[in-house]
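As you go down the protein sequences, you meet chains V and G in turn. Mapping of the first sequence onto the working numbering: position 107 corresponds to residue 107, and the numbering continues sequentially without gaps. Mapping of the second sequence onto the working numbering: position 63 corresponds to residue 63, and the numbering continues sequentially without gaps.
It is worth saying that the hints were derived from the structure and are not from the lab. Virtual Cβ for every residue (Gly too), placed ideally from N, Cα, C. Don't take every hint at face value.
The following label-pair restraints were derived from C-beta to C-beta distances [claimed, not checked]:
1. V:Glu132 with G:Phe40: 41 to 49 Å
2. G:Val18 with V:Gln166: 39 to 47 Å
3. V:Ile150 with G:Ser47: 17 to 25 Å
4. V:Asp154 with G:Val18: 48 to 56 Å
5. G:Leu60 with V:Lys128: 54 to 62 Å
6. G:Gly51 with V:Asp53: 57 to 65 Å
7. G:Leu56 with V:Gln166: 27 to 35 Å
8. V:Phe15 with G:Phe87: 30 to 38 Å
9. G:Gly51 with V:Glu132: 50 to 58 Å
10. G:Leu56 with V:Ile94: 47 to 55 Å
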Amino acid sequence: MLDIAIYILLALAIFVVIFLGPYAGKMQASTLWVGKRIAPEGMDQEAPRGFQDAITPKHQDTMNTFLPISYVLILVLGTIKAWYLGVLLLVLAIVLMSIAQRFYPQGLNTYLRAIIAAMVNKMADYKKAGDEMRTDAAAEMLQRLNDLYIEVHDQNLPVPSIRDTQRMPLSGKTP
Amino acid sequence: MRLNTSIVIAGVTLIAGVVFQQPHIWVPLTVLVAGVIDLFTRQWVMSDRLGSMTELSLFLKMILALIGFYAMLGQFACLVLAGMWIFS
Numbered sequence: 001m002l003d004i005a006i007y008i009l010l011a012l013a014i015f016v017v018i019f020l021g022p023y024a025g026k027m028q029a030s031t032l033w034v035g036k037r038i039a040p041e042g043m044d045q046e047a048p049r050g051f052q053d054a055i056t057p058k059h060q061d062t063m064n065t066f067l068p069i070s071y072v073l074i075l076v077l078g079t080i081k082a083w084y085l086g087v088l089l090l091v092l093a094i095v096l097m098s099i100a101q102r103f104y105p106q107g108l109n110t111y112l113r114a115i116i117a118a119m120v121n122k123m124a125d126y127k128k129a130g131d132e133m134r135t136d137a138a139a140e141m142l143q144r145l146n147d148l149y150i151e152v153h154d155q156n157l158p159v160p161s162i163r164d165t166q167r168m169p170l171s172g173k174t175p
Numbered sequence: 001m002r003l004n005t006s007i008v009i010a011g012v013t014l015i016a017g018v019v020f021q022q023p024h025i026w027v028p029l030t031v032l033v034a035g036v037i038d039l040f041t042r043q044w045v046m047s048d049r050l051g052s053m054t055e056l057s058l059f060l061k062m063i064l065a066l067i068g069f070y071a072m073l074g075q076f077a078c079l080v081l082a083g084m085w086i087f088s
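Required output: the full structure, derived from the provided sequences and hints.
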């Protein structure tokens with residue numbers, strides 16, 4: 001019975017990595033790029049990631065919680081079954097995830113629109129709760145996001161890599 | 001209509017499996033279904049287009065991307081299965 005539970009958990013964890021990993025990776029890179037791009041110049045010391053935290057959708061935070069848990073589960077449960085199985089399955093899951101990435105939307109516009117939609121919902125939630133200060137802050141973010149979307153949506157930019165984006169200065173013009 | 005390799009490989013494997021009454025027919029059958037779904041949805045999945053319900057559209061794209069991924073991997077499974085039928 002315990003064996004079956006371990007195998008089911010292992011399969012679930014591998015599924016989570018292959019299903020959510022590619023999207024979470026691309027969304028993470030997109031939020032970093034967008035967050036840095038809409039931030040004013042000269043804030044690199046105070047906010048090296050720009051406005052990334054403010055614009056990250058809630059579901060992305062959830063994925064960022066579940067993914068590391070899944071990695072650890074694969075490693076621990078696999079190792080319980082056989083000493084080499086944990087590492088082997090983890091490597092296999094990461095390889096499959098990187099192959100699956102090719103099947104996910106590659107354009108930045110898709111993720112930027114998702115960020116804008118999440119920000120609209122966030123603003124509505126703040127408004128409903130009567131939180132004027134946060135509503136105003138969300139409205140300002142939304143304005144910046146919409147301006148960026150108007151600026152870049154015709155360029156059909158691909159989702160930039162995290163490494164390139166980390167090197168990018170705030171309000172940088174190249175992805 | 002342009003067929004993709006997973007449809008061709010899964011279709012041929014399925015026909016061979018049915019004709020020669022081989023086991024594990026569900027493998028080429030599911031790959032064929034996934035390949036057909038992928039054929040009709042790939043363009044939308046890879047595009048920047050999203051419906052008015054953005055999160056639902058993204059979720060649907062993730063599901064369809066996974067189906068496409070299954071179709072891609074499945075064609076290799078079909079080849080392995082066909083090899084097993086031949087050599088066993």
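Against the structure, the hints:
Hint check: V:Glu132 to G:Phe40, Cβ distance near 48 Å, so the stated range 41 to 49 Å holds. Checked against the hint of 39 to 47 Å, the C-beta distance between G:Val18 and V:Gln166 comes to roughly 54 Å, which is inconsistent with it. V:Ile150 and G:Ser47 have their C-beta atoms about 19 Å apart, which keeps the hinted 17 to 25 Å range intact. One distance hint, 48 to 56 Å for the beta-carbon pair V:Asp154 and G:Val18, holds here, with the actual separation near 50 Å.
The hint said 54 to 62 Å for the Cβ distance between G:Leu60 and V:Lys128, and at roughly 27 Å that hint is violated. Under the hint 57 to 65 Å, the C-beta atoms of G:Gly51 and V:Asp53, about 28 Å apart, miss the expected range. Between G:Leu56 and V:Gln166 the beta carbons are some 32 Å apart, a value that agrees with the proposed interval 27 to 35 Å. Judged by the Cβ atoms, the range 30 to 38 Å given for V:Phe15 and G:Phe87 holds: they are separated by roughly 31 Å.
Restraint check, G:Gly51 to V:Glu132: a C-beta distance of roughly 32 Å breaks the suggested window 50 to 58 Å. Here the CB-CB span from G:Leu56 to V:Ile94 is close to 28 Å, at odds with the stated 47 to 55 Å.
Of the hints listed earlier, those the structure fails to meet are numbers 2, 5, 6, 9, 10, in rising order.
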